[in-house]
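Chemist: Sequence:
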Amino acid sequence: MHFRKRTAIVFIEFVSHYLGSPVNEVKPKDLLWYSQHIRSTCTQRGALTNTVLCIFRILFREDPKSAHVNDLVDGWIRRGSPLVNILYNTEHKCANKKTELRQEDFHAYNIK
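If you want the working numbering, it's the 1-based position in the sequence shown plus 3.
By construction, these hints were calculated from the structure, which means they are not laboratory data.
Keep in mind the model is a prediction, meaning the values are calculated, not measured.
Don't take each hint at face value.
[What the hints assert, rightly or not] Keeping only pairs whose Cα atoms sit at most 30 Å apart, straight-line, the calculated DSS-like set for lysine-lysine is: (1) K68 - K8; (2) K32 - K8; (3) K30 - K8.
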């Protein structure tokens, strides 16, 4: 849950920057729109892949340890709702699904 929340916080910063609006004004529909935008409009430039790598570099100062870890974050962004649900839990119910990943599958956080 903590990792998804941190991922969502970084992602909402990306959306805020792209839209040119303060973070507290970003709505769930904006996150979903941006998720769709980087999947469809920016596919030639690898926007989704680059977004995932940027998130890992912000949180860990490292690339993902494995493709499985990378795919987890990729899936959250691709669907959008896992990140929306964790940020806006008063409006959207958060389903906390178990993953087979363990703590060892991730680098230690290195946020500065």
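Chemist: Please write out, lowest number first, the hints stated earlier that are contradicted by the structure.
Modeler: No hint contradicted; all consistent.
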